[in-house]
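Engineer: Letter by letter, the chains look like this.
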Amino acid sequence: MYQEIILDHYRAPKNKGLREPFEAEVHHVNPTCGDEVTLRVHLSEDSTSVQDISYEASGCSISQASVSVMTELLIGQSIDHDLEVAGSFLQMVQSRGTVEPDEDVLEDAVAFAGVARYPARVKCALLGWMAWKDAVVRAGGAIHRTSGDEPSSVTATTTSSAAKSTGEGYE
Amino acid sequence: MTLHLAAPTLDVQAIRRDFPLLARTVRDGAPLIYLDSAATSQKPEAVLDAEREFLLRSNAPVHRGAYALGEEATDAYEAARSAVAGFIGGAFDEVVFTKNATEAINLVAYAMGNSATAGPEAERFRLGPGDRIVVTEMEHHANLLPWQQLAHRTGAELAWLPLTDDGRLDLELIDEVIDVRTKVVSFVHQSNILGTINPVATIAARAREVGALVLLDACQSVPHMPFSVEDIDVDFAVFSAHKMLGPSGIGVLWGRRDLLAVLPPFLTGGSMIEQVFMERSTFAPPPQRFEAGTPPISQAVGLHAAVQYLNSLGMPQVEAHEQRLTEHLLRRIDELDGVKVIGPTTSEARGGAISFVVDGIHPHDVGQVLDDRGVAVRVGHHCAWPVCRRYGVSATTRASFYIYNDTDDLDALIEGIVAAQQFFGVTP
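Going line by line, the protein sequences match chains B and H.
Per our numbering, residue 1 is the first one in the first sequence, and the count goes up by one each step.
Per our numbering, residue 172 is the first one in the second sequence, and the count goes up by one each step.
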């Protein structure tokens, strides 16, 4: 399960730290293990693309590396593109190994294919991705609900605090 | 069933033959090394056989005995109650079967809440603003939330005994925490996360001085050491069958007879009544008053067999065996660099649930490396989140053991920890 890519991202996470500007900030925790992530998204003016994802997180190598890899894949892309990637990622880690990951879509994230064999770790791998999706929705991102919507059992595993927007005088 | 009659020490190899599960392999052929008995114990064949035999031959509803089968089932269920009572030095009618220990604690907490609308006989259970409920900072969530929520519902105040840096209760301010307003003190006998064995007599004595009720969470003590309610001055004690070789789905509330006699019911319905009218009802005496609905019958039969199995080993021998393992693991961990025990680091007044953190490796990752080697441990906050917060860790790895473990299992754990350190490149 511990591919070298995962260990690399764990030791030297990319895009870490909370940055401004941002339109939404969410805090997700995994109540079974206490892993947590605070994540911000900054969208383009027309709310169709992701300009920045910044975060602070604590937890195991899988959850930390996963959010790091995610930011590399999703920053600077359209929300439509990012939702497709997120959908593929979700499908891969929930597949119990039955789905062959699409390397063209998932790139480095295919390293997490091994997580699918360990149901207890799927939530670790998804923590950052669920936080990202929640943040995009709260930021008013233009989401076309066609594919990639996760089953409710997954969203139920994380709890989110209310989104804090810059307009509410956060900080 | 193998009888291991009163040998001075446990014959672990013989015991393991009674637990077929322990002979299996996991993942890619690694022999299973089960170190999570504080979460749930494995079951010997004698327990499974007893349940199966009951279900195949005598299954019927209890306390309805108009036919032979019903009498047999009732006898089997009540024989289990007698056996459990004998195991903990209590009386037959002081043992209530519940779904689990969590429900047993909730039973007492909710019954105390229900006393607000009960008769004058329930006066001493009533709580309101100005009253105090005392727990400790090391409680399992099961012995924190029922009291925390009862405090919210009644307006009573929740207070707790804090922890020292070395994982024990800080009793310096016990007289201030358990003050004259205190109506109930509920605390754990042996911590599921720290392993600490608490001084029951000291805490109970202070509770008595202020006239408070005392509940003891004995989930981690009854399975692992000689335990008798005759030796300790508490009003209620709870534990669960599945941590002591028995089935899941059944727990135990022991309560002093005079208190159970006036405690209002928690769950209501069939089996717990005396007379029922459309507009009012009266309730059966204990223990039936607290056993609404069809009880866990075959589970009680399994628990009976578990009690017999433990008695055949001898609880002093069980305790001595675990003491030896505890000393061994604490010594082996102490020899490692970069591994810190969360809890007492000596075996004095501590049992065989040993939590630790490995510098630079998240507990989930420690657990994963161990799992790939067949070593099953618990990682996380162990349903004791405030304890993790107190010691500044998000989670720990916990090894806990029982009658079927030996020092080889603990040595395999140590090898796994070293392998994790090497894998993640944090070897000091």
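Just so you know, the hints here were simulated from the structure itself, not pulled from any lab data.
Any given hint could turn out to be false.
Stated by the list, open to error - Here are a few chain H residues that face chain B, going by a calculated C-beta distance under 10 Å:
#	residue
1	Pro-202
2	Tyr-238
3	Tyr-281
4	Glu-308
5	Ile-532
6	His-533
7	Gln-539
8	Val-550
9	Tyr-562
10	Ala-566
11	Thr-598
12	Pro-599
None of these values were measured; they are calculated from a predicted model.
We put the CB at the ideal spot given by N, CA and C, even for glycine.
Engineer: Do the numbers back the hint for H:Glu-308, that is, is its least Cβ distance to chain B under 10 Å?
Structural biologist: violated (17 Å)
Engineer: Hold the hint about H:Ala-566 up to the distance rule: shortest CB distance to chain B must be less than 10 Å.
Structural biologist: holds (5 Å)
Engineer: So, H:Val-550 near chain B? Judge it on the closest CB pair being under 10 Å.
Structural biologist: Result: holds, 7 Å to nearest chain B Cβ.
Engineer: Would you settle whether the hint for H:Tyr-238 is holds or violated, based on the nearest Cβ-Cβ distance to chain B being less than 10 Å?
Structural biologist: With a closest approach of 45 Å, the H:Tyr-238 hint is violated.
Engineer: Tell me if H:Tyr-281 is really an interface residue toward chain B, meaning its C-beta lies closer than 10 Å to one of theirs.
Structural biologist: Hint on H:Tyr-281: violated, closest Cβ of chain B at ~24 Å, above 10 Å.
Engineer: Under 10 Å is the threshold here; is the Cβ of H:Gln-539 close enough to any Cβ of chain B for the hint to stand?
Structural biologist: holds (7 Å)
Engineer: Hey, does the H:His-533 contact hint survive, CB to chain B under 10 Å?
Structural biologist: holds (4 Å)
Engineer: With a cut-off of 10 Å on the beta carbons, see whether H:Pro-599 makes it to chain B.
Structural biologist: H:Pro-599 check fails; min Cβ-Cβ to chain B is 17 Å, beyond 10 Å.
Engineer: For the restraint on H:Ile-532, tell me whether the closest CB of chain B is nearer than 10 Å.
Structural biologist: Status holds, d = 8 Å.
Engineer: Taking 10 Å as the limit, does the beta-carbon of H:Tyr-562 come near enough to a beta-carbon in chain B?
Structural biologist: violated (13 Å)
Engineer: Would you check whether H:Thr-598 satisfies its interface hint, that is, whether its CB is within less than 10 Å of any CB in chain B?
Structural biologist: violated (15 Å)
Engineer: Take the shortest C-beta to C-beta distance between H:Pro-202 and chain B; is it under 10 Å?
Structural biologist: violated (19 Å)
Violated hints, in rising order: 1, 2, 3, 4, 9, 11 and 12; the structure is consistent with all others.
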